[in-house]
Amino acid sequence: MATHLILQKIFKTGIVSEPQPAADLALRTHEQQLHAEILKVFGQALVIRHIDAGSCNGCELEIHALGGPYYNIEGIGVKFAASPRHADLLLVTGPVSRHLETALKRTFDATPEPKWVVAMGDCGCGAAGAMFGPNYATIGPVREVIPVDVEVPGCPPTPTAILQGILAAVSGK
Amino acid sequence: MGHRLGDIELILTPQADGAIWRFALDTERLPSFARGIQDEGGQLLALWGSDDRHLGAGYAVHVAFLSSVGLVWTSSALPADNPSYPDLAAIFPQADRMQRATFDLLGIRAEDAVDSRKWLRHNAWPENTYPLRRDFAAEPTRQLDAYPFIRVEGDGVHEIPVGPIHAGTIEPGHFRFSIIGDRILKLEERFGYTHKGTEKRFEGLDLATGAKLAGRVSGDSHSAFAWAYCLAVETATASAVPERAVWLRALFLEIERVANHLGDLGYLGNDAALTFGFVQFWRLREDWLRMSAKLFGHRYLFDCIVPGGVAVDISEPGKAELNALADRIEAEVHELKAIYDEHAGLQDRFANAGIVKPALAARLGLTGLAGRASSQAWDARAQFPQAPYDQLDVNMGTHRRGDVLARAEVRFVEIFESLRLIREILGRLPAGVLYAPPTRMDAACEGMGWVEGWRGPVLVALRIGADGCLDRVHPHDPSWQNWPLLEVGTLGNIVPDFPLINKSFNLSYSGQDL
Chain X
1 MATHLILQKI FKTGIVSEPQ PAADLALRTH EQQLHAEILK VFGQALVIRH
51 IDAGSCNGCE LEIHALGGPY YNIEGIGVKF AASPRHADLL LVTGPVSRHL
101 ETALKRTFDA TPEPKWVVAM GDCGCGAAGA MFGPNYATIG PVREVIPVDV
151 EVPGCPPTPT AILQGILAAV SGK
Chain G
174 MGHRLGDIEL ILTPQADGAI WRFALDTERL PSFARGIQDE GGQLLALWGS
224 DDRHLGAGYA VHVAFLSSVG LVWTSSALPA DNPSYPDLAA IFPQADRMQR
274 ATFDLLGIRA EDAVDSRKWL RHNAWPENTY PLRRDFAAEP TRQLDAYPFI
324 RVEGDGVHEI PVGPIHAGTI EPGHFRFSII GDRILKLEER FGYTHKGTEK
374 RFEGLDLATG AKLAGRVSGD SHSAFAWAYC LAVETATASA VPERAVWLRA
424 LFLEIERVAN HLGDLGYLGN DAALTFGFVQ FWRLREDWLR MSAKLFGHRY
474 LFDCIVPGGV AVDISEPGKA ELNALADRIE AEVHELKAIY DEHAGLQDRF
524 ANAGIVKPAL AARLGLTGLA GRASSQAWDA RAQFPQAPYD QLDVNMGTHR
574 RGDVLARAEV RFVEIFESLR LIREILGRLP AGVLYAPPTR MDAACEGMGW
624 VEGWRGPVLV ALRIGADGCL DRVHPHDPSW QNWPLLEVGT LGNIVPDFPL
674 INKSFNLSYS GQDL
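Protein sequences, first through last, are from chains X and G.
For the first sequence, the working numbering puts the final residue at 173, and the numbers step up evenly by one.
For the second sequence, the working numbering puts the final residue at 687, and the numbers step up evenly by one.
Rather than coming from a laboratory, the hints here were simulated on the basis of the structure.
Positions of the beta carbon are idealized from the N, C-alpha and C atoms, including for glycine.
Over the 10 Å line for every Cβ pair with chain G, so calculated as not near, a few chain X residues: (1) 25; (2) 45; (3) 76; (4) 79; (5) 112; (6) 127; (7) 128; (8) 167.
Okay, the calculated bits of chain X under chain G, using three or more residues with CB under 8 Å as the criterion: (9) 2 to 14; (10) 55 to 68; (11) 82 to 95; (12) 98 to 106; (13) 134 to 142.
Use the sequences and the hints to build the structure in full.
In structure tokens form, the structure reads like this:
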């Protein structure tokens with residue numbers, strides 16, 4: 001019986017979730033205009049829309065990993081949404097390819113205010129050593145196309161670093 | 174060495190352990206040669222072009238065929254003005270998108286091809302300009318992309334356009350569903366959104382930086398691409414690689430395979446509403462990734478494979494740790510497989526969804542993992558083993574159902590086989606150095622690397638210039654030939670099963686968008 005085996009496995013596995021990391025405020029690109037009001041609106045819950053603007057899919061591996069049980073992001077109120085219209089924060093990967101420039105801008109416009117943008121990955125942040133940068137097909141870092149609040153470099157950044165960046169974007173401290 | 178393929182007696186030049194053969198072929202003989210390959214049960218793996226005008230020639234079209242003797246790489250010279258070659262898509266349908274991309278990037282046309290629509294070009298460069306030509310200097314156009322989709326018309330038929338921005342954390346691409354009720358009448362894909370000009374970016378890079386870029390053609394297949402690239406460099410420069418490095422490369426490739434299969438099996442459970450499966454498999458995957466970070470300094474082993482060898486070693490205690498984790502993961506995956514096998518709801522969703530029958534898979538060139546789930550028994554590690562696989566005796570996993578269930582089954586089989594290989598590699602790892610610098614050549618040289626990645630065969634063909642820098646690099650991901658099979662495999666299925674079917678293939682967008 002599958003149910004019996006499932007329950008046995010769940011019991012044996014126990015809870016593996018780890019405590020959340022602290023926000024890394026050093027990742028902020030500028031002093032954010034965060035109002036107490038905004039924090040009140042969002043409280044502890046945050047809805048993220050991920051946008052792949054041209055990545056090699058390495059960054060996506062770590063966003064997926066973030067959804068696994070060790071990081072338990074839903075447990076701290078962070079949820080990924082299917083539509084930008086439901087999102088508070090856009091998590092953008094990739095060097096922005098020219099073929100996705102319009103889609104990225106439209107997704108940004110479709111996201112209601114107030115909103116944050118976290119760019120991640122060396123290419124998305126235009127970090128030194130990024131393997132993809134401006135050329136005939138690529139614009140470059142996300143900030144060249146839409147305003148960015150926090151940049152999380154790395155190739156790819158670890159799930160913990162991504163979480164620290166997300167928390168840096170939304171924490172008022 | 175003489176071989177007969179089609180109507181041509183070949184004198185083949187062996188490369189890389191005799192698994193790859195190089196052959197210069199007159200353009201007009203390409204179709205008969207391709208038919209000969211097909212008649213003996215072979216396939217077309219890749220087609221690409223090159224601008225050779227700076228070498229005093231015109232252009233060239235290159236094809237990699239999979240045949241009974243291994244991989245045959247043909248190169249056909251084309252004139253500098255109005256370069257074209259006979260269409261191969263009528264023989265091997267998988268050539269269609271590769272031919273269209275070759276035109277978009279180089280202006281080399283496949284004559285009399287049925288489909289001559291653009292493929293990779295949207296609006297980043299204007300029509301009649303070609304980014305991979307040496308004299309390319311066009312500015313991006315500012316028009317919106319227009320693409321003529323094939324319309325299905327009739328009573329009650331309607332379209333669902335999806336993407337490029339998808340509803341989940343996946344890569345961008347456009348799917349145009351024509352449906353009646355819930356049934357899919359037609360699915361048409363439109364890709365190229367993540368086109369980054371990867372091939373242009375390779376031009377002029379030094380060999381070490383080229384390896385880093387190759388590993389990022391499709392991040393989830395980092396080790397496969399980096400290894401194929403390094404093999405190409407080492408073949409071109411006739412460089413020997415230390416034995417320990419060769420074995421460590423195989424270790425990295427098998428670690429990558431296990432990581433990806435664990436992730437996919439979790440998502441397959443998730444897409445069939447068994448969240449338990451997702452949580453369990455992704456716990457194991459995270460353990461696996463953390464072990465890689467601990468032992469080799471990177472969760473996905475990025476930049477561990479370098480031209481001439483590898484950049485990291487494994488210690489004796491490291492071997493013991495990895496062995497112990499492999500044992501635990503194997504035991505846990507057996508437990509989870511028992512649950513997947515027993516779970517009626519899951520089996521109901523997996524079985525008979527997204528069927529690609531063996532005959533169709535053979536006709537359209539389905540390859541790699543998805544191919545093996547449809548009786549296409551090709552695995553370079555088993556049939557044309559290059560070191561160290563020639564000493565490892567890889568057992569190929571195959572299935573003949575061709576549905577989501579079969580693709581899940583092959584993943585299970587391959588996880589167990591890769592864990593066995595990992596233990597064997599760790600047990601037999603030769604001692605010695607990790608790196609020997611590639612030989613510096615005085616003249617331009619060419620080479621190809623072929624690696625069976627977790628998704629399927631990964632190829633990298635390259636030319637190094639007389640200055641020692643990269644002149645032309647073409648990386649090929651198996652997603653090229655498998656994406657069209659997703660279109661066919663979803664026909665007659667219901668729209669809600671599409672995410673599940675799509676995940677069962679798990680193809681790369683970045684790898685084919687380049």
